[in-house]
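Undergrad: Make the full structure from the sequences, and use the hints.
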Amino acid sequence: MTTAVEMKGIRKVFPGVVANDNVDLSVEQGEIHAIVGENGAGKTTLMNILYGLYRADAGTITVRGQPAHITKNADAIRLGIGMVHQSFKLVPSFTVAENITLGAERRNLIFVDRNAVRQSVQQISSRFGLKVDPDARVRDLPVGVQQRVEILKTLYRNADILILDEPTAVLTPQETRELFGVIRSLVAGGKTVIFITHKLREVMEISDRVTVMRDGKVVGTKHTKDTSAVEIARMMVGREVLLRVKKAPAKPGQVVLRLEGLKVRDDRNLMAVRGVDLEVRAGEILGIAGVEGNGQRELVDAVVGLRPVVAGHVYINEKDVTAAPVRERRESGLACVPEDRYVRGLALPATVEENLIVNCYFKPPMSGGALLNLGTIAEHAKEAITTFGVRTVSKDVPAYTLSGGNLQKVVLARELSAEPDLFIAAQPTRGLDVGSIEFVHQRIVDARDQGAAVLLVSAELEEIMSLSDRIAVIYEGRIVGKLEAREATEEGLGLWMAGITDEHKGGHKIDV
Amino acid sequence: MSNASRALQRQLGSALRRSLSIVLSIAASMVVGSLIMLWYKQNPLEIYGLLLKGAVGTQRSVFISLQRATPLIFTAIASTIALRAGVFNIGTEGQFFIGAIMGTYVGYAFKLPMVIHLPLALLVGFLSGAAWAFVPAIMRQKLKVSEIITTIMTNYIATFLISYLTNYPMRASPVTDQTPPVEPTARLAQFVELNKNLGRATQAHVGIFVALAIVVLVYFVFKRTRLGYEWRMVGTSSSFSEFGGIKLDRAFISAMLVSGGIAGLGGAVEILGVWRTYKNLFASGFGFRGLLAALLGGQTVIGSTVAALFYGSMEAGALGVDWAAGVPRQLIDILVGLVIFFMAAEGMWAFVQRIKWVRAPGTERRTTKDLEV
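These protein sequences, in sequence, are chains A and E.
Residue 360 in my numbering is what sits at position 360 of the first sequence, and the numbering runs on without skipping anything.
Residue 205 in my numbering is what sits at position 205 of the second sequence, and the numbering runs on without skipping anything.
Calculated from the structure, these hints are not laboratory results.
Computed from a predicted model, the values in this text were never measured in an experiment.
Using N, Cα and C, we set each Cβ at its ideal position, and we do this for glycine too.
Where hints are given, some of them may not hold.
[To be verified] Calculated lysine-lysine pairs in the DSSO-like style (CA-CA distance at most 30 Å, straight line):
(1) E:K247 / A:K319
(2) E:K223 / A:K395
(3) A:K247 / A:K482
(4) A:K482 / A:K199
(5) E:K53 / A:K319
(6) A:K246 / A:K89
(7) A:K263 / A:K217
(8) E:K247 / A:K363
(9) E:K247 / A:K263
(10) A:K72 / A:K89
(11) A:K251 / A:K319
(12) E:K279 / E:K196
(13) A:K382 / A:K395
(14) E:K279 / A:K263
(15) E:K223 / E:K247
(16) A:K8 / A:K217
(17) A:K382 / E:K111
(18) A:K199 / A:K225
(19) A:K382 / A:K363
(20) A:K319 / A:K89
(21) A:K395 / E:K247
(22) A:K263 / E:K144
(23) E:K223 / A:K382
(24) A:K363 / E:K223
(25) A:K199 / A:K263
(26) A:K8 / A:K251
(27) A:K246 / A:K225
(28) A:K363 / E:K142
[Said to hold, decoys possible] To give an idea of the interface, some chain A residues facing chain E are shown, with a C-beta separation under 10 Å as derived from the structure:
(29) Y315
(30) P325
(31) G345
TA: As structure tokens, this is what we get:
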């Protein structure tokens with residue numbers, strides 16, 4: 001085998017952070033090479049350097065044995081390197097063919113040669129088994145197909161080294177499976193694939209070799225068949241990690257959250273939640289599975305009180321709070337870890353202490369009358385920091401000095417110290433590293449065991465399946481299926497998540 | 001641990017950088033100012049010496065500086081409250097003059113013992129300033145109309161309304177558009193009236209103590225009260241505050257009202273202490289200079305107060321040069337303007353950075369998210 005890409009001694013410093021520190025990476029021609037690591041480990045930075053989006057401060061890059069001087073994006077494309085980003089860069093109103101050729105159109109004299117364009121797109125897509133309709137508008141395509149268009153875009157530009165940055169983050173299990181098929185056919189066709197992910201299962205399933213990064217350094221590169229998920233997790237985090245949460249069977253009590261025919265609009269004023277009925281009981285975790293953008297965000301917003309309810313009712317502890325302000329709901333026992341941690345969950349410029357008291361500063365013992373009890377607040381903050389193991393120099397530093405995992409601990413500490421009856425956790429581990437995920441999961445289960453009704457919303461099927469007692473699947477604003485977690489299979493949930501329900505009534509019969 | 005201690009170092013470093021940049025901006029302004037003075041065949045050293053002497057050189061100049069700074073402290077604190085709570089009250093100018101004219105009215109229209117009359121005039125100044133800020137505040141929260149536009153417009157309305165009032169209903173003199181004098185029971189004593197050796201030949205008055213009391217009070221409100229916490233949080237992140245259960249309407253509107261109220265109180269204090277009658281167009285620009293002082297002072301209560309005192313002393317210094325050297329006043333204003341300009345450029349920088357924080361949390365110095373593009 002020859003070496004497709006060789007990166008040696010790569011160093012990249014951002015203000016205050018060493019993102020890549022003396023990183024060596026060697027990718028063989030024709031292999032699927034996974035790069036894994038916690039967030040902030042420097043995976044994406046490294047790939048952006050290879051793709052010419054960043055310039056390394058030090059180090060050399062060799063492509064197919066030739067020293068490569070990649071100073072800009074165009075250099076990388078000329079060398080046959082293509083990248084599919086986490087967020088797609090497509091024009092929704094253009095057709096597939098137009099998107100693929102945009103900026104590299106074949107012309108006849110003045111005009112774009114549409115026929116030539118369509119032909120070359122069809123040729124490439126049939127060669128690699130990437131089925132798409134070249135005339136379809138991108139906005140009408142499901143996410144999985146849009147991703148295929150992105151891959152075609154790189155192939156059209158003659159890429160033979162493809163970088164896929166967390167390609168499965170937005171896909172259903174079925175779409176993921178299809179993507180893996182595509183990746184295999186790419187490699188069979190002589191391409192090289194670099195695959196960034198933090199999902200260990202995918203690493204084990206698809207990759208030939210895996211490079212693990214931590215804190216901007218490479219911890220090691222292994223042949224996938226010689227290693228295990230547990231070993232990779234340990235390399236990523238630097239210690240032993242529990243990949244699955246231990247929990248006792250649920251002891252459901254009375255209904256704490258009840259939704260009746262809930263309808264909510266999204267920011268574009270479209271109906272995002274189209275009539276949801278749900279009950280969550282004390283002492284159980286109800287997981288809502290679904291591909292992102294199917295109304296989960298709006299559902300949570302409506303329960304918390306951040307978004308008006310168009311129709312239907314929200315009851316907390318049998319009290320109608322459909323039109324109640326946020327504080328009244330919180331005082332009725334609601335707590336929430338919000339999906340957008342850095343926008344709603346925290347005020348980054350404010351201190352850790354200020355972040356910890358927003359749900360309790362106004363009532364005794366934190367304040368008496370109009371005055372804050374600074375002493376009590378300081379005690380409360382210190383206690384929360386200790387109990388939740390938040391790593392911070394003091395309670396008085398701005399929140400932005402903390403790492404992502406520690407910030408989520410701050411949110412958890414604040415929300416759980418209110419001892420809620422209803423605890424909503426929306427995408428609670430998104431972007432967190434393996435170690436922090438373990439912590440967050442344990443806290444969610446603890447909250448349940450202390451009698452809280454937990455509503456867990458997550459796009460991670462694994463998370464839903466390992467934490468939930470009952471599972472509901474949301475698709476296009478409706479609950480398309482509910483079942484006991486022990487009866488759930490990934491396949492079955494995946495079909496529901498893709499909106500396929502007709503052939504499979506009754507959920508538990510859908511084992512494949 | 002190392003992560004946060006680095007942050008601490010960074011904070012120390014930024015304080016150092018900030019002091020350095022203030023020194024540099026003063027130096028830069030003096031270089032440019034000196035060039036201008038050389039062009040006009042003046043000795044820059046002499047002029048800057050006189051400027052300094054006029055600001056703090058004698059007992060009298062100190063009192064003039066205080067008198068000049070007093071109204072600016074009010075408007076600077078008013079601006080600071082608004083900025084910290086995340087609203088742009090550009091209307092402190094109008095609120096100041098509305099407070100001034102209403103304070104004047106109470107001052108001449110009633111005959112009351114001093115213990116009632118003076119506090120009443122000040123209270124009415126506060127309330128009318130707050131009332132003037134009320135409409136923009138409501139329009140912002142209920143109708144989503146930018147408070148920048150509405151507060152600027154209410155400044156014009158205030159100017160013309162006062163022009164009307166001093167020309168017609170409140171006019172006392174056939175010659176000038178001016179109100180009757182304020183009753184002695186509603187006046188804030190000038191120092192020279194208390195002791196003829198104190199601040200002789202100046203109009204410095206005890207209103208400075210009212211100003212300083214407001215500074216202490218607002219400082220306390222920010223640090224120690226629920227309301228102050230709400231203001232700080234909604235100013236830092238309204239999404240976070242809303243999620244946490246803070247009532248945004250209440251926090252924004254109260255910040256706007258208190259801001260307007262303090263500006264109005266400042267107007268009343270200026271009339272009752274210095275002018276003792278309202279002469280149409282007796283001065284202008286208190287609101288804008290206060291806003292500048294708030295920006296110069298990094299939008300902190302103490303910083304704005306210091307900046308207002310600095311601004312006041314520069315004005316006093318300019319007067320000093322005018323009297324002593326016969327240099328045209330306009331030239332001195334250019335010098336002072338340059339100092340403020342260079343410092344404001346520095347202050348604006350801090351402000352812009354703050355905006356970036358508020359608008360796009362998680363974009364800077366986050367260790368993970370910005371690297372995982």
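Undergrad: Are any of the numbered hints broken by this structure? If so, which, sorted upward?
TA: Hints 5, 6, 7, 14, 17, 20, 25, 26 and 29 not satisfied by this model.
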